[in-house]
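A.B. asks: Respectively, the protein sequence lines represent chains Z and S. Under our numbering, the first residue of the first sequence carries the number -13, and numbering increases by one thereafter. Under our numbering, the first residue of the second sequence carries the number 1114, and numbering increases by one thereafter.
Read the hints as simulated data drawn from the structure, not as lab findings.
With a cut-off of at most 27 Å between alpha-carbon atoms, the simulated DSSO-like pairs for lysine-lysine come out as follows:
#1 Z/292 with Z/339
#2 S/1310 with S/1131
#3 S/1129 with S/1116
#4 Z/316 with Z/339
#5 S/1165 with Z/193
#6 Z/193 with S/1311
#7 S/1364 with S/1287
#8 Z/193 with S/1129
#9 Z/255 with Z/339
#10 S/1151 with Z/193
#11 Z/-9 with Z/167
#12 Z/148 with Z/115
#13 S/1151 with S/1121
#14 S/1131 with S/1311
#15 S/1310 with S/1364
#16 S/1315 with S/1151
#17 Z/30 with S/1369
#18 Z/193 with S/1310
#19 S/1287 with S/1357
#20 Z/193 with S/1315
#21 S/1287 with S/1369
#22 Z/255 with Z/283
#23 S/1131 with Z/193
#24 S/1287 with S/1315
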Amino acid sequence: MEEIKLMKGNEAFAHAAVRSGCDGYFGYPITPQSEVMETLQELKPWEETGMVVLQAESEVSAINMVYAGAACGKKVMTSSSSPGVSLKQEGISYIAAAELPCLILNVMRGGPGLGTIQPSQADYFQSVKGGGHGDYHMIVLAPSTVQEMADFVDLGYELAFKYRNPVLMLSDGVIGQMMEKVVLPPYKPRRTMEEVIAQCPWATTGKVGRPHNIITSLALESEVMEATNNRLQAKYREIEENEVRFEEYMLDDAEYVFVAFGSSARICKQAVEYARAEGIKVGVLRPITLFPFPTKKIQELATRVKGFMSIEMSAGQMVEDVRLAVNGTKPVGFYGRQGGIIPSAEEALEALKTQIIK
Amino acid sequence: MTKQDIIKPENLVYGKTKVLTDNIMHYCPGCSHGVIHKLIAEVIEEMGIQEKTIGIAPVGCSVFAYNYLDIDMQEAAHGRAPALATAIKRLMPDKVVFTYQGDGDLAAIGTAETIHACNRGENIVIFFVNNGIYGMTGGQMAPTTLEGMKTATCPYGRNTDMYGFPLRISDLLKEIDGTCYVTRQSVHKTANIVRAKKAIRKAFQNSIDGKGTSIVEFVSHCNTNWKMTPVQSNAWMEEHMFAKYPLGDLKDTPKKRFDEINHL
Chain Z
-13 MEEIKLMKGN
-3 EAFAHAAVRS
7 GCDGYFGYPI
17 TPQSEVMETL
27 QELKPWEETG
37 MVVLQAESEV
47 SAINMVYAGA
57 ACGKKVMTSS
67 SSPGVSLKQE
77 GISYIAAAEL
87 PCLILNVMRG
97 GPGLGTIQPS
107 QADYFQSVKG
117 GGHGDYHMIV
127 LAPSTVQEMA
137 DFVDLGYELA
147 FKYRNPVLML
157 SDGVIGQMME
167 KVVLPPYKPR
177 RTMEEVIAQC
187 PWATTGKVGR
197 PHNIITSLAL
207 ESEVMEATNN
217 RLQAKYREIE
227 ENEVRFEEYM
237 LDDAEYVFVA
247 FGSSARICKQ
257 AVEYARAEGI
267 KVGVLRPITL
277 FPFPTKKIQE
287 LATRVKGFMS
297 IEMSAGQMVE
307 DVRLAVNGTK
317 PVGFYGRQGG
327 IIPSAEEALE
337 ALKTQIIK
Chain S
1114 MTKQDIIKPE
1124 NLVYGKTKVL
1134 TDNIMHYCPG
1144 CSHGVIHKLI
1154 AEVIEEMGIQ
1164 EKTIGIAPVG
1174 CSVFAYNYLD
1184 IDMQEAAHGR
1194 APALATAIKR
1204 LMPDKVVFTY
1214 QGDGDLAAIG
1224 TAETIHACNR
1234 GENIVIFFVN
1244 NGIYGMTGGQ
1254 MAPTTLEGMK
1264 TATCPYGRNT
1274 DMYGFPLRIS
1284 DLLKEIDGTC
1294 YVTRQSVHKT
1304 ANIVRAKKAI
1314 RKAFQNSIDG
1324 KGTSIVEFVS
1334 HCNTNWKMTP
1344 VQSNAWMEEH
1354 MFAKYPLGDL
1364 KDTPKKRFDE
1374 INHL
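So that you can see chain S by itself, here it is in the shape it has in the complex (with noise of 0.2 Å):
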């Protein structure tokens, strides 16, 4: 047998999902947005929704999303995104929408769009990426930046008495009532990744059955602006990230139906 014997389609074991475009990726080298992007494109394909899913770009690192997936997308104003998708899911209601944000951009100031469009229920996905920091425009503090984590703009370390606490956001959404799936998951070992992409299989089927609003978020590094390696930086982040952002759902209970609900 020789290896051209062996490279046929019937013998293939896996491939680069069609989802994904060829562009090459501007993400740096250990970033995870590259395997969270392939992870939300193979589920697409394996979903069969790549004619009807409408993606939404943030700002941020990942405002290029749309030239890596291969789907009709739009991009948004700063932390405008859920309101983006609000529209688009309620004037197409057959559409799978979703939205794919940074901590900045869905925690900070895009806070109103996040919490009201979860709050009307839509039946829509967001993806959040939490770095605890700022990485396109430099490596400036978010809202999600720990406690003492040293950043451009608090190069001492972030002290709370000065700027506040990071901000839990998923805890924050899983309370309110529209919001169906909150799950917190990383991608930086290979369980994690398998576990991730059976969220993002579940948050999209979850806006097919009209449940409500699902938010999948990825706790994240951000090598280049923590200025650490790769391998240094996933140790720091299980270490400090996932003690403030532990992993896991932290809900999974469907909207409840006008009809269901004892209203006046």
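Pulled out of the complex, with its shape left as it was, chain Z reads as follows (with noise of 0.2 Å):
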């Protein structure tokens, strides 16, 4: 019989991370997601699977451990929230260049500088189009739920080390903070010293019978950094062709369309609820890849239905790929709550009405 129990986001995400054999977690505390490191460090994981976690001195501290880990090989991740992951910017983007598997966690709050504890979408732009120096994509999986605090862990694994790609889980305060139910996954053990060597040749393990190996984004000759761009594009373009994951919420019959995700589809979906009765037919389109993001599902969507409306806790980020993907071909309309203020139902219906459907 599955195990279902009552928790946070951020400790079914602790959870999970035991549960899926990582090898370590290396974090710094900052509300709202600080319940991730307090869990781990409540469970001891190195007693019983050998997992280490170690609270490192700064975030930036905490993604070059991060970094390392990965270039051993071995299933590392991190977590912070919103100022923290904008100081891991540079080791991210190093991790991206030297194609280093791992998964971070931000559980965003309200921006920018200091800004609030309260729930944010606000670092859309910066996890999705690559917040950090130079040409990159991380794969970003938006949860929406406790339950997906818990599976994305192992899926977010799954494709970092398919794609030698890091993957961010893109949450916020409400998800990370709010108790859910959830059937946390089943134990996987780590994987083995042979294992680790026989998924990851290329990791630095110890340079036993072949020759060294060297984990590096530096290359100084102009024609070997571009050569580098163009694999890394190439693998991006690979990414957005196999790894699109988004949820249809009653797409069939509607005439209008929500895009939203995380927190806001939730809330999108019981504006839904609302506008049926009236009889507005309205569905949801909730977007699980931020990137890869569900451009082609938008389009398809845009040959048969009126319009649009992008519901976020921003100033309005995603709706720039939603009318890029729409591309002019129907009105596409937002509505967003910034500061850690959440949008209600209510206000994103009459969003719609007001500026879609008139």
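Dock the two chains into a complex; use the hints.
C.D. replies: Below is the structure:
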């Protein structure tokens, strides 16, 4: 019988990390995600699975620990919230450039600056467009339930190792802090050193019976660096081709579409209920992967619906990608709240009526 | 007896260590990086730890150290090498892990990573090359630049009222409870090279024995950016650098284990 627990999203993520056979967590406390490391320290996984849990001196140090662990072929992760994730951007750029698999969790809070500790989705640009220097992308997964906070750990590692690419889970203070029922994944053993070497022959596991392995992102010759960039871009196109994930909610007969991820998608589902009670046929497209973005799905919807409404906890970031996909063929509206305020279902529906239905 | 009779493996008194690759080094003539690389490589071979040693290259002149040392290596972002070394050693405790860093990398941009890796007493080795200047970027002021010393970003000499004082970071690190061995060496004379090699060996052994963090500082010069000949640089280093950064062991005490401490 499956084991149903009631816990916070941050706690579910920590439990799932241990169960996924994670080798190491490196983090630094910041609200609203501190329960991740607190839960891990309480679980003491080093006694059971041998997983390392370390509180670093900074976000900068933590992400560089992740770089090094990933460069050894290990399953490593870090978690933080918006201001802390900004600090990690240098390291993320290096990780993407050196093509290292790892998992990063951002439990977003309102910014800019020190901002607020309340939930937000204003790190969409940073996450999806590449917050650090250079041309790169992370694979970005957007959980909208506590269950997905647990489930996306395994999925994240699967994608990270498949493409040798950092994977970001872009959550927010609502999902991180709220308690919900969750079925925790079964325990997977940590890989043995032999399994790590077999899976990651490129990793710095010690020069035994092969030429020395070097993990670097440096190439002073422009031709070499351009070739690296071309290889990365080809990988990103492959990811766009193969890894788009989204949830469709009452889209079959929809004339209007809310596009929303994470917490906002939950609000939009409520707004759909209110709209349909009034006879307005609305559905929700919830991108699960923000990179790759469900561009083709939106293009397909644009051929049969009357308009789109992007609902976000930001000043309007994902809406730009919706507009790019729709490419002027249908009206695209936006409604969002900022600074830690969550838009209500009533506000979302009102915005749809005033901006799109008119 | 002909020359060919003498050239036999059993008669060999000295050879290049196999832990150094055949790649041609990019270092300037007169630079001490080559000697330090060679000493580290020789010790790795002599200790039989080539297969289990992981090195971290910094950002700075020695950024390409991974091209010269025939061991698995990672290239760190500027200053972050001790964080990388921490994770590698924690995830693979049977490995011997070292960083190789310059003064800008270790004592300016990476100060937090350096101090906290030492404070955790990570069982790693930190090799620290201090020549009082940024070499790779073209001779700018370093945290270790001496008072009055001219660099590209203090062309009238380091004025301590404006730029502060030369940072004796090893003296700071010796005060930290997690360090076990802090020593200051040089490689400008044969006797110093012999002593430096012993220090490198001791540092690696400390790491294997789990005694804490070992720091081997090499007081060096940068004849190119000091704008001197190598011989002049050595003389200037002896007179001025050694006065601020005296050679010798600063600390040789294993870190305390938790069960040895009267804790709460």
